[in-house]
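Given chain G, put chains C, A and D in place with the hints provided.
Chains as they are written, first to last, in this note's numbering: chain G, 814 to 1092; chain C, 814 to 1092; chain A, 814 to 1092; chain D, 814 to 1092.
If you're looking for bench data, these hints aren't it; they were derived computationally from the structure. One or more hints might be untrue.
No copy is singled out in the list; a pair is fine if it fits within one copy or between any two copies.
[Stated by the list, open to error] Each computed DSS-like pair below joins lysine-lysine, with the alpha-carbon atoms no more than 30 Å apart:
hint, residue 1, residue 2
1, Lys-1047, Lys-846
2, Lys-816, Lys-905
3, Lys-827, Lys-816
4, Lys-1072, Lys-1015
5, Lys-855, Lys-1015
6, Lys-996, Lys-827
7, Lys-896, Lys-827
8, Lys-1015, Lys-1088
9, Lys-1047, Lys-1088
10, Lys-1072, Lys-879
11, Lys-1072, Lys-1047
12, Lys-934, Lys-846
13, Lys-1015, Lys-816
14, Lys-1015, Lys-934
There are 4 protein chains.
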Amino acid sequence: MGKYILLTEGPDAKGLIFHVTSVLFEYGCNILKQSEYVSPDKHFYMRTEFEHPGSFEKEALLEALKSRITDPLFHFKLDTLQKKNIVILCTKEHHCLSEILVRNWFGEINANVLGVISNHKTLQPFVEKFGLPFHAIEAEGLSREEHEAKVLEILSSYSADYLVLAKYMRILSPEFIRRYPNKIINIHHSFLPAFVGAQPYKQAYDRGVKIIGATAHFVTDQLDQGPIIAQDTKEIDHRYSASDMARDGREVETRVLLKALEWVFSDRVFIYGNKTVIL
Amino acid sequence: MGKYILLTEGPDAKGLIFHVTSVLFEYGCNILKQSEYVSPDKHFYMRTEFEHPGSFEKEALLEALKSRITDPLFHFKLDTLQKKNIVILCTKEHHCLSEILVRNWFGEINANVLGVISNHKTLQPFVEKFGLPFHAIEAEGLSREEHEAKVLEILSSYSADYLVLAKYMRILSPEFIRRYPNKIINIHHSFLPAFVGAQPYKQAYDRGVKIIGATAHFVTDQLDQGPIIAQDTKEIDHRYSASDMARDGREVETRVLLKALEWVFSDRVFIYGNKTVIL
Amino acid sequence: MGKYILLTEGPDAKGLIFHVTSVLFEYGCNILKQSEYVSPDKHFYMRTEFEHPGSFEKEALLEALKSRITDPLFHFKLDTLQKKNIVILCTKEHHCLSEILVRNWFGEINANVLGVISNHKTLQPFVEKFGLPFHAIEAEGLSREEHEAKVLEILSSYSADYLVLAKYMRILSPEFIRRYPNKIINIHHSFLPAFVGAQPYKQAYDRGVKIIGATAHFVTDQLDQGPIIAQDTKEIDHRYSASDMARDGREVETRVLLKALEWVFSDRVFIYGNKTVIL
Amino acid sequence: MGKYILLTEGPDAKGLIFHVTSVLFEYGCNILKQSEYVSPDKHFYMRTEFEHPGSFEKEALLEALKSRITDPLFHFKLDTLQKKNIVILCTKEHHCLSEILVRNWFGEINANVLGVISNHKTLQPFVEKFGLPFHAIEAEGLSREEHEAKVLEILSSYSADYLVLAKYMRILSPEFIRRYPNKIINIHHSFLPAFVGAQPYKQAYDRGVKIIGATAHFVTDQLDQGPIIAQDTKEIDHRYSASDMARDGREVETRVLLKALEWVFSDRVFIYGNKTVIL
Chain G
814 MGKYILLTEG
824 PDAKGLIFHV
834 TSVLFEYGCN
844 ILKQSEYVSP
854 DKHFYMRTEF
864 EHPGSFEKEA
874 LLEALKSRIT
884 DPLFHFKLDT
894 LQKKNIVILC
904 TKEHHCLSEI
914 LVRNWFGEIN
924 ANVLGVISNH
934 KTLQPFVEKF
944 GLPFHAIEAE
954 GLSREEHEAK
964 VLEILSSYSA
974 DYLVLAKYMR
984 ILSPEFIRRY
994 PNKIINIHHS
1004 FLPAFVGAQP
1014 YKQAYDRGVK
1024 IIGATAHFVT
1034 DQLDQGPIIA
1044 QDTKEIDHRY
1054 SASDMARDGR
1064 EVETRVLLKA
1074 LEWVFSDRVF
1084 IYGNKTVIL
Chain C
814 MGKYILLTEG
824 PDAKGLIFHV
834 TSVLFEYGCN
844 ILKQSEYVSP
854 DKHFYMRTEF
864 EHPGSFEKEA
874 LLEALKSRIT
884 DPLFHFKLDT
894 LQKKNIVILC
904 TKEHHCLSEI
914 LVRNWFGEIN
924 ANVLGVISNH
934 KTLQPFVEKF
944 GLPFHAIEAE
954 GLSREEHEAK
964 VLEILSSYSA
974 DYLVLAKYMR
984 ILSPEFIRRY
994 PNKIINIHHS
1004 FLPAFVGAQP
1014 YKQAYDRGVK
1024 IIGATAHFVT
1034 DQLDQGPIIA
1044 QDTKEIDHRY
1054 SASDMARDGR
1064 EVETRVLLKA
1074 LEWVFSDRVF
1084 IYGNKTVIL
Chain A
814 MGKYILLTEG
824 PDAKGLIFHV
834 TSVLFEYGCN
844 ILKQSEYVSP
854 DKHFYMRTEF
864 EHPGSFEKEA
874 LLEALKSRIT
884 DPLFHFKLDT
894 LQKKNIVILC
904 TKEHHCLSEI
914 LVRNWFGEIN
924 ANVLGVISNH
934 KTLQPFVEKF
944 GLPFHAIEAE
954 GLSREEHEAK
964 VLEILSSYSA
974 DYLVLAKYMR
984 ILSPEFIRRY
994 PNKIINIHHS
1004 FLPAFVGAQP
1014 YKQAYDRGVK
1024 IIGATAHFVT
1034 DQLDQGPIIA
1044 QDTKEIDHRY
1054 SASDMARDGR
1064 EVETRVLLKA
1074 LEWVFSDRVF
1084 IYGNKTVIL
Chain D
814 MGKYILLTEG
824 PDAKGLIFHV
834 TSVLFEYGCN
844 ILKQSEYVSP
854 DKHFYMRTEF
864 EHPGSFEKEA
874 LLEALKSRIT
884 DPLFHFKLDT
894 LQKKNIVILC
904 TKEHHCLSEI
914 LVRNWFGEIN
924 ANVLGVISNH
934 KTLQPFVEKF
944 GLPFHAIEAE
954 GLSREEHEAK
964 VLEILSSYSA
974 DYLVLAKYMR
984 ILSPEFIRRY
994 PNKIINIHHS
1004 FLPAFVGAQP
1014 YKQAYDRGVK
1024 IIGATAHFVT
1034 DQLDQGPIIA
1044 QDTKEIDHRY
1054 SASDMARDGR
1064 EVETRVLLKA
1074 LEWVFSDRVF
1084 IYGNKTVIL
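Next comes chain G alone, as it looks inside the complex (with noise of 0.2 Å):
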């Protein structure tokens, strides 16, 4: 018994959910779950798990979808759910890679880490106790050209659908991030928009506030602007240090990184304009 899932994304028309459900009718599948999501700007999200007792032609099936939503426009993406393959990117501090890397080793994340590049040495010894190459690209008299170009080798040995920023505290180039589109998912210490850029606790210290959180979001060449997947806060108080806010905000840093890469991994993420939909 096969489990699918459908993606299905476009111009919003009356009639949408009952042409794919009557497709997949049709063809003997059974809907498991099924969510969907109008934009106010009139554009349709679907997200349609179901299973199927025997086999089936996917191709025409998707025939079928398109010869009953006609629009250019739509998109459908139907897949069995696959398991992701990932390369992480690191600093020195570990708490974000060491819960992927737990949770891959126990089979917990549906995604394989290929391997994890850092500009430090400091984690090596740590990713190497679970059999995981390490790829220490030091950035120490190079340009970040030459930084990034050394991290491109590294990359083009793997095939990797998406890259995890885990605290990796270089901002990548535009060249860079268009590379990636939409595959490159980072972590900030902070509830964004507030605190953009470098050193966001000490920012957030001197503000005073009273919460801190944490945001995962899709890279784009605009630096901390890019499309949010998974956000959370903690309450803090006056007797918080930036470096007490650092660290509280590693327990919120992780949370949020692994519950978006949970929902990307599964095919839950649909990116819309700036925004993300997750269905």
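Structure of chains C, A and D alone, referenced to chain G:
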């Protein structure tokens, strides 16, 4: 342009979403929002919000649904979103009552408060500010049966869709409750099933818990055992006395009760055995 | 048996707790609760709640403190817990106002509401239910100076300890604000410093955030930059329009403002540069 | 510059804070942080963190305290903050264990993990990555007494300050527990006192709750009745099966256990009857 809600419930089968959406499509309806749920014991629940540009025969549409989904165990309910008529029962504490009355006065809940019944006179001056009838039925010297008979007499003069127990500190008899099956909503001041019965904050204090909570539920003839609609909690610490918990708990109780009422009054709550499904 | 609050503030030094507690001991006072904080730049804050079985010379006790802690930069404030006199400013939205008025009517906040000023008549019928003066000062056809002059005239007839901006949708001039240094408390409908200025929910919607929030702060002549007293947030998702955010945000705004008022009105809030220390 | 922690506990009386701070002042100590609590039955608890620029006679300071606070029921504990030696007991689930091991490896908890004992071999490969002894003591074919005797034998080879039950799915006998009074910390996967005993998520599913939770507590010979150290909860909805609850509950369990350990390992937790006071 009318807006309608269709509730569908019955034994799960293949093609249910297809059948419902195809009938709505034939009748020229446009689905705005749809959610469905299939329970582990294969019961299907669906709530569909749709609009229709003109008018249609409601009975004919329901007949069309029944001719497509012929299982006699299926139930369909189709209506525009109606304001519910409610009567509130309370004792001496005002916080849940006052939130309902204020929102009712400003037209912010999908209900009409018909009147307020209390076993004490305490809240009469407050209720009368809002031009609502207040019925003080004191229990002194009366048996439970006698007291409830008087309450029922008042209730018989109203045509209430729901009774809301807004911190009504008396236990209703099974006979009373059976007259209002799934129509009485209570707020209990603990995270049920912890601290069933009297003085839950006192019980919580004695146990030394670090969180307190509140539970909104339908009332059945099993004390504090009815289907839970909404719950929430709040962190506390050792400094809280039982009365500190009661004071801080009021905000949680109010929030939880109002959330439950919002869901029930917008036809989002199905009762499923001793549980609720909220679509 | 009287209950007193002593606030102590000044440059940190060794023995401060010892000096204060020894004077209280000499005067026969029994400490009920004490909290202190030393900021990173070595400023000391302490709040001491104590009781005394009989009576004592308040001035003598303060003199004794000054003879023990001789640094002239030290401030001591000693009093019983007094109810604060407040005037509320609002516009058309009722939720923060109504919560304050209801709690005030039931004697649940440590304040007396003297009156309500609004730039619209909308809330007049509600305020008058509670027997409170309502001053509608419409801004139509008036310059900001003219409008504020009329507001100040009304305010001059009251002796207010604090002005509470309960969703007052006008920006006060620096001249106005300077008349009430650290005496104006505002509720802003975002987690500052995100979304400063007008229409924060619209800004939040455009940015695609997954949490919304509210911030209670003292008003300074820098728009939305004053010391933050309390903040809280709420998770949302892509289904929220800007007006859905506004609707669900009301509960957060109300909760945050009331928490801030509770702290300020119980003499727990010190202002420390552009931050607050809450003991 | 040494940093010390003084814990003071005994029957409440006037002047206690004064007496303690005056002794510390005489000895040239500088208080960094101090918190105190007086229980409703008049028991006094205080935790004082202080530093001393040079060295002092610890015993002399304690004697000075005893000469000022002469009630023989008073207890004083004075020390630098010591790393606790711990042994972890687990079964098959890794999430609490792995979080402790990772933080231990990076030196982020105030403890040394001496070893891990389990009634299954499942987690052996993971534990051994961190170079720690893993003792698999399978229970098959053994009585509880026999199994515990083997566990105790292993434990006798360590000098553990605390035993941490990181999802150890066996009930310890009262005889076992009495050997480690207030030294065994357990994580229970419900918001106690709801769902005591086996399969709390199954119980929670059957009851139809809308929140799940976790509780870290000291183990006493009354099952799941020991003093609660920390609790937290998470919202769920009708879509959660018992195993979904278990999966999402892991994050809450881990967070709650780690918070409890942090408090216990930094000498912040007093036990007060069946409750905890956390200063």
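For each hint, the structure was consulted:
1. Lys-1047 to Lys-846: between (32 Å within a copy, 23 Å between copies)
2. Lys-816 to Lys-905: For Lys-816 and Lys-905, only the inter-copy Cα distance (28 Å) is at most 30 Å; the intra-copy one is 40 Å.
3. Lys-827 to Lys-816: both (28 Å within a copy, 15 Å between copies)
4. Lys-1072 to Lys-1015: This pair counts as both: shortest intra-copy Cα distance 25 Å, inter-copy 24 Å.
5. Lys-855 to Lys-1015: This pair counts as between: shortest inter-copy Cα distance 18 Å, intra-copy 41 Å.
6. Lys-996 to Lys-827: neither (32 Å within a copy, 36 Å between copies)
7. Lys-896 to Lys-827: Answer is between; shortest inter-copy Cα gap is 28 Å, intra-copy 34 Å.
8. Lys-1015 to Lys-1088: both (27 Å within a copy, 14 Å between copies)
9. Lys-1047 to Lys-1088: both (23 Å within a copy, 18 Å between copies)
10. Lys-1072 to Lys-879: Answer is neither; intra-copy 33 Å and inter-copy 42 Å both fail.
11. Lys-1072 to Lys-1047: Answer is both: 16 Å inside a copy and 14 Å across each meet the 30 Å cutoff.
12. Lys-934 to Lys-846: neither (45 Å within a copy, 37 Å between copies)
13. Lys-1015 to Lys-816: between (47 Å within a copy, 26 Å between copies)
14. Lys-1015 to Lys-934: This pair counts as within: shortest intra-copy Cα distance 25 Å, inter-copy 44 Å.
When the structure is compared with the earlier hints, violations turn up for hints 6, 10 and 12 and for no others.
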